[in-house]
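With the sequences and hints as input, model every part of the structure.
Respectively, the protein sequence lines represent chains Y and X. Position one of the first sequence corresponds to residue 1 (full-length UniProt numbering), numbered consecutively onward. Position one of the second sequence corresponds to residue 1 (full-length UniProt numbering), numbered consecutively onward.
Think of the hints as simulated: they come from the structure by calculation, not from any bench. All values derive from a computational prediction rather than experimental measurement. Fair warning: there could be bad hints in the mix.
One copy or any two copies: either way a pair holds, since identical chains are not told apart in the list.
Claimed, not checked - Straight-line alpha carbon distances no greater than 30 Å define the calculated DSS-like cross-link-like pairs of lysine-lysine that follow:
no.	residue 1	residue 2
1	K188	K295
2	K298	K136
3	K305	K56
4	K95	K56
5	K307	K136
2 protein chains.
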Amino acid sequence: MPCSSSNLGGKLLPAVTFELLKESTESKARLGKLHTPHGTVDTPVFMPVGTQATVKAMSPRELEEIGARIILSNTYHLYLRPGHTLIQEAGGLHKFMAWSGPILTDSGGFQVFSLGDLRKITEEGVEFRSHIDGSKHLFTPEKVMEIEMALGPDIAMVFDECVSYPTTYEYAKEAMERTTRWAERCLKAHHKEDQALFAIVQGSSFRELREKSARDLVSLDFPGYAVGGLSVGEPKPLMYEVLDYTVPLLPLHKPRYLMGVGSPDCVIEGVLRGIDMFDCVLPTRIARNGTVFTKLGKLVIRNAKYKNDFTPLDHHCDCYTCRTFTRAYIRHLFNVNEILGLRLTTIHNLHFLLELMRNIRKAIAADSLSEFREEFYRYYEPEQFGQNKN
Amino acid sequence: MPCSSSNLGGKLLPAVTFELLKESTESKARLGKLHTPHGTVDTPVFMPVGTQATVKAMSPRELEEIGARIILSNTYHLYLRPGHTLIQEAGGLHKFMAWSGPILTDSGGFQVFSLGDLRKITEEGVEFRSHIDGSKHLFTPEKVMEIEMALGPDIAMVFDECVSYPTTYEYAKEAMERTTRWAERCLKAHHKEDQALFAIVQGSSFRELREKSARDLVSLDFPGYAVGGLSVGEPKPLMYEVLDYTVPLLPLHKPRYLMGVGSPDCVIEGVLRGIDMFDCVLPTRIARNGTVFTKLGKLVIRNAKYKNDFTPLDHHCDCYTCRTFTRAYIRHLFNVNEILGLRLTTIHNLHFLLELMRNIRKAIAADSLSEFREEFYRYYEPEQFGQNKN
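This is the structure in C-alpha cells:
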C-alpha cells in the first residue's frame with residue numbers, strides 16, 4: 001500500500017492523479033485508478049467513515065482485511081477532539097490512527113451547517129459553538145485549509161456551504177455562489193504538495209444553479225470534484241436527476257465524488273451516472289443497531305425468528321463474521337449488549353459494501369452493469385434504506 | 001488445539017487429566033499440563049472470563065493471538081440468556097461462541113449467592129429471582145449439572161455455597177457442609193464422559209473448616225479441585241494464609257484452581273502456594289475503564305499527561321495494541337467514547353496477564369520464581385489492584 005506516486009522518474013506529479021481505465025458503453029459508469037501518496041485505489045470506490053480518527057468498532061487491520069483501500073475522516077470532529085495540532089504533532093492522521101492507506105477528510109462544512117441555531121454564516125466564514133462544550137469557534141476557508149493541511153490526508157475538501165432540502169432558489173443561489181468564492185479562497189490558502197484539494201458542486205436541486213456551480217469550479221481546475229448537498233432530505237429520484245445533469249459537466253479525467261451517499265442502491269445508481277467515489281456512515285451506523293445487508297435483502301438480527309437460526313448472516317458472504325458465527329449467536333450478543341455483536345455486524349456491513357463495489361467494478365469491466373443492477377433490485381426495494389450523514 | 005485425550009490407545013481416559021511436570025524446590029509452585037477434549041493447556045494458567053459466551057470486546061481469533069488457551073464462562077448468565085437448551089441446540093458452547101479451545105464453566109453459585117435479597121437458600125437448592133426480569137428460578141445441584149452438561153464445557157464446577165467476608169464460624173460451617181453434600185449430589189447427577197467435574201473447597205477463613213472441606217471433598221475423588229470463597233472482601237494476606245494451609249491438602253496430581261482471582265500480584269502469590277489455574281474479570285473490566293497493566297505499574301490512560309505521549313502503552317509489550325498505537329491515540333479514543341479504545345486496552349491487559357503466566361512458567365522451569373517475584377514487586381504495590389468477581 002505505501003506506494004507514493006508524487007515523484008516518478010524525477011518529474012513532480014500532482015499529489016493525486018486519476019487514471020480513467022474504461023468508460024461503459026451502456027451507461028456513464030467508468031473504471032479508474034486513483035493514485036495517491038499512500039497508494040492506489042480502484043474506482044468506483046466506497047470509503048468507510050472514520051469520523052473521530054477511527055471507523056467505529058473496527059481496527060485498521062480489520063479494515064484492510066475486508067478490502068477497504070481509502071477511508072474518510074471528519075475535519076469538524078478532529079478539530080474539536082483531539083485537535084488538529086495534536087494530530088500534526090503525532091505525524092499526521094495516518095500515523096495517529098495507524099492507517100497506512102489513503103485518507104480523505106471532509107471540510108466540516110456539512111457538520112457546522114447542521115448545527116442550526118449554534119452557527120452564524122457570514123461571507124468571512126461560519127461562527128459556531130461546539131456541540132460538546134458550547135465553546136465558540138470560527139471556520140473560514142483559510143482556517144479549514146490550515147486544519148486539513150495539519151491533519152495531512154491525501155485528499156482534502158474545500159470548505160463549502162451545504163444547504164438542506166427543501167430550500168428556496170434564492171438561498172440555494174447565495175450558498176452556491178459563496179461556495180465558489182470560498183473554493184477560490186481555499187485554493188489560494190492551500191499549499192501542501194502531497195495533498196490534493198477537491199472542490200464541491202452545490203446548488204440544491206436547481207439545475208441552473210448546479211450547472212453554474214460546476215462550470216465555475218471546473219474553470220478553477222481542481223484535481224477532483226465532489227457533488228455535495230445531496231442526500232439531505234430530498235427524494236432519491238430527485239438526487240438521481242441532479243446527478244444526471246451535473247456529472248456530465250465535470251471533467252472526464254478527474255475523479256468524481258458523491259458526498260455522504262452509500263446505501264447499496266444509491267451506490268449503484270451513482271456509478272451508473274458516472275460517480276467514482278462514495279462515503280456514508282449508513283453501513284456502520286445500522287450495523288450498530290443490529291441491521292445488516294445481505295444478498296437477499298435487509299436483516300434485523302434482533303428479530304425473534306433468528307433465535308435458533310444457526311446459519312450465517314449472509315449465506316453468500318465470506319467475511320470473518322459469516323465464516324465464523326451464526327445468526328443465533330449474534331442475536332444473543334445484541335440481546336445482552338455485548339460489544340462483539342456490533343463489531344461482527346460492522347465487519348459484515350462494510351464487507352458487503354466493499355464487495356458490492358468489487359462486483360460493480362467487475363460488471364463495468366464485463367459491460368454487464370445493467371444486468372447487475374436488475375439482479376440487485378430483485379432483493380432490494382429502492383426505499384429499503386434511507387440515507388445517513390455524519 | 002483440537003486434540004482430544006479422552007480415548008488413547010483404546011483405553012478410555014478421564015475427560016481431563018493433569019500431568020505434573022515439575023515441582024519447584026524453593027516453593028510450592030509447579031508446572032503441569034492440563035489435557036482436555038479440546039486441547040492441552042500449560043499450567044499455571046490464567047483463564048480470561050467470557051461471562052455471556054464472549055470475552056468482553058474480544059473476538060475468538062484475538063484471544064488466540066494473545067495466547068489464551070482456556071476460557072471461563074458463566075452458567076448463571078448463560079442459563080438466563082440465551083438459555084442452556086439453545087446452546088445445546090447450537091451444538092454446545094464451543095460451537096455457539098466459535099471457540100475451539102477448552103472451556104470451564106462456573107456453577108452459578110457465586111452469582112446466585114451475590115443476589116442478596118433476591119435469593120433464598122434451602123437444603124434443596126437456591127431459589128432466586130433473575131437480575132434481568134425478576135422471574136423466579138431454582139438452582140439445585142441436579143439442575144446445575146443439567147445446565148452445565150447442556151452447555152458442554154470441558155470442565156464443569158459443582159454447585160457450591162459461597163459466603164462473603166466477614167462471616168460467622170457457624171454460618172461458614174453450615175455453608176461448607178452444605179457445599180460438600182451438594183458436591184456429592186452433583187457427582188451423582190453428572191454423567192458426561194467428555195466433561196470433568198471439579199469440586200470447590202469452602203470454609204471462609206476458618207482453618208478447621210477449610211481442612212474439613214478439603215478432606216471430605218478429596219475423599220470423593222474429583223478430577224480437580226478449586227479453592228472458592230476467596231477474594232470476597234478479605235485482606236490479601238488472609239487469602240494467602242488460607243491458601244497456605246488449604247492447598248497442601250489437595251491431591252498433588254490433580255489441578256488446583258483459585259476461583260475469581262487474577263490480579264498480577266495474587267496470581268504470583270497463588271502460584272507460589274501451588275495453584276495451577278486462575279480466572280478473573282479484573283483485567284478486562286479495568287481495561288474498559290481505561291486502566292492498563294504495564295511492566296512499570298498501573299497506567300490510567302485518560303490522564304492528561306498522556307495527551308501528546310506518542311509512545312506505546314507498555315514499552316516492554318509486543319501485543320497488537322503496543323505494536324501499533326500510541327498512548328495519545330488510545331487516550332483520544334477513550335475521550336470520545338470510541339469502541340476501539342476499550343478493545344485495545346482489553347487486548348493489552350489480557351496479553352499482559354497471559355505473558356505474566358508464560359514468564360511465571362519459565363521462572364518455575366528455571367527455579368527462579370522468587371527472583372521473578374522480587375523484580376515484579378519493584379513496580380507493583382500489593383494493594384495497587386483490588387479484586388473483581390463477576
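Hints, one by one, checked against the model:
Proximity of K188 to K295 under the C-alpha cut-off of 30 Å is found in neither arrangement, the shortest distances being 47 Å within a copy and 51 Å between copies. In this homomeric assembly, K298 and K136 never come within 30 Å of each other (Cα to Cα): the closest approach is 42 Å inside a single copy and 37 Å across copies. In this homomeric assembly, K305 and K56 come within 30 Å of each other (Cα to Cα) both inside a single copy, at 28 Å, and across copies, at 25 Å. Both within a single protomer and between protomers do K95 and K56 lie at most 30 Å apart by alpha-carbon distance, with minima of 18 Å and 28 Å respectively.
Taking CA atoms no more than 30 Å apart as the test, K307 paired with K136 passes between copies only; the shortest distance there is 22 Å, against 49 Å inside one copy.
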